[in-house]
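With chain A's structure known, arrange chain B with the ligand on it following the hints.
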Amino acid sequence: MSEERTPGFNTLAIHAGARPDASTGARVTPIYQTTSYVFDDADHAAALFNLETFGNIYSRIMNPTQAVLEERMAALEGGTAALAVASGHAAQAIVFHTLMEPGGEFVAARQLYGGSINQFGEASRSSDWHVQWADTTDAESFRAAVSPKTRAIFVESIANPGGIVTDIAAISAVAKEAGVPLIVDNTLATPYLMQPKEYGADIIVHSLTKFLGGHGNSVGGVIVDCGTFDWMASGRYPTLSEPCASYHGMTLGETFGNFAFAIACRVLGLRDLGPAIAPMNAFLILNGIETLPLRMQRHCDNARQVAEWLSDHDKVAWVNYAGLPGNSFHGTAMLYCPKGAGAVFTFGLKDGYEAGIALVGKVELFSHLANIGDTRSLIIHPASTTHRQLGDEARERAGAGADVVRLSVGLEDVDDIIADLDQALEAI
Amino acid sequence: MNHDTYPDAYIRDILLKHAVFAVVGASAKTTRPSYYVMKYLAAKGYDVIPVSPGLGGRTVADRVVVPSLAEIGRPVDVVDIFRNSDAAFAVTEEAIRIGAKVIWMQIGVRNDAAARLAEEAGLKVVMNRCPKIEYGRLSGEIGWTGVNSRTLSSRRPLLGPKGGQQRTLRDET
Ligand SMILES: Cc1ncc(COP(=O)(O)O)c(C=O)c1O
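Residue numbers (our numbering), protein chains in the order written: chain A, 1 to 428; chain B, 1001 to 1173.
One chain only, chain A, in its complex shape (with noise of 0.2 Å):
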């Protein structure tokens, strides 16, 4: 391929970082199912572990397999590097871990997926460190919410399940004032509606279990590095601006640039943590990849559809889904993700909480679960499930209020997916 060339999102999702194997010639990424790697000789282990050379020591920290879909996922998402883990929550947890100190707080979105909500609101109390919610439609409220102790900004690009789409550029904007980094989840939209960078994200994190992967087999999340923030500016990241002592007093942000917070992730976080993703999981993840974009686009199509004929269906009082004109987020969706409002949202039933639970008990071809972005149609009402643990009030802000029933619009032919609602909602 010529030099000056800069190939398109398809060929990206099929080729990136996938090169024929070294010793076998195998076209596919073999799944590398070893825990460890014999080093050259003792000059090349110690070159190793000081991090001199680039190379595989330990399955915890790298694995070839797991390799090929980091750089798939910073080829796709414009970054400088990424590093893939064991979940979506696992990638969160690291940026954090890698990000705070004791006392820090960040500001957060307070329509995130419900599982996001309870990380930040419980798990990291036990750390010292503390989360100010703000309105993900609106910027004002995060710049309200900045404090001198302010390490991040945190948003989903789509929430889920709210079908908010989020004015990442003006988020961003805050976040450069504030000189902190934002971080999206970019989970909902994939990179192939949207890619955050270009509206200011420094930090993109995607639970890969979703759509990305696509299959509903394998739980993974990544972390991706778009090598925009200046780590060494400010004393507010002493992790990546101080030497570290585990590594001979090596300063990360100064030895690695603009993929130093990629690296600190893993060298640091991936290491002392050790959520590290199973070579078989990024191997199916990494298939599912190569057929994002025709997956995505169907998603899109088939989710289109369905949320039209749920709004002229008489049972429905509401369906919020950002696709639709008339939606209040129709315009930032035509803006951020013109392609399509992705394939997950949410609508109400007029008798409500009873009404959620029996339509999840009629359907025959939706499955009842609780995860979304798979090649199946998915359902769940989440006020009895995912953001059960939250209080009313919680789960009204979040987009989960009792009424609610969410979507993941599965590739099946969109017609049987509408079928099996109508003889659903005809049951109720």
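Everything labelled a hint here was simulated from the structure, so no lab data went into it.
Keep in mind that this is a model prediction, so the values were computed, not measured.
Treat each hint with caution, since some may be false.
[As the list claims (entries may be wrong)] No farther apart than 20 Å at their CA atoms in a straight line, the calculated lysine to aspartate or glutamate pairs in the EDC-like style are these:
hint : chain 1 : residue 1 : chain 2 : residue 2
1    : B       : K1162     : A       : D43
2    : B       : K1162     : B       : E1172
3    : B       : K1162     : A       : D41
4    : A       : K176      : A       : D230
Then chain B with the ligand, alone, in the frame of chain A:
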């Protein structure tokens, strides 16, 4: 030559055709980037010569430091500059005098006047780049650490002579 971006082929050609690197501004500290670059290039088989007026005669990265480019006393191919952008001009003048073929300025170092001077004298110039990163990128080794190499290829990479965990800049042809 446009010095904002370089074609991969230009960088690959420089790294494939030259064997002797003089590293100006080499630090004695093993935590400094110059140390990592020298260790990596040496492991790839390059002849690496640390250059620093204050450290002459000392050993850095297993190599004896020479006080100045003029005192190296054997042909130098690439002069790799770990100094600030202003200081790079005088280093470039000296590099031209000793017959170096390439001026290479590290990440953060750029001096367009020095680049013009070197190019007029027939030298090649690379600015604001790191040879370790470029070697890692073009060989594919850097991808083992999840770094975006910004290269695509369906050709099998060739392993280095020293073992399974070393790649070269050459592909199977
Ligand atoms: C938007 C979003 N972020 C993060 C996660 C967490 O990912 P994982 O389940 O892979 O830990 C999820 C999972 O549902 C999600 O929907």
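With the threshold set at 20 Å, check whether the alpha-carbon distance from K1162 of chain B to E1172 of chain B stays at or below it. Holds - the C-alpha atoms of E1172 of chain B and K1162 of chain B are around 17 Å apart, at most 20 Å.
Hint check: K1162 of chain B vs D41 of chain A, CA-CA at most 20 Å. Holds or violated? holds (9 Å)
Distance restraint between K1162 of chain B and D43 of chain A, which requires alpha-carbon spacing of 20 Å or less: Holds. K1162 of chain B to D43 of chain A sits at ~11 Å (cutoff 20 Å).
Would you mind confirming whether the straight-line C-alpha gap from K176 of chain A to D230 of chain A stays at or under 20 Å? holds (11 Å)
No hint from the list above goes unmet by this structure.
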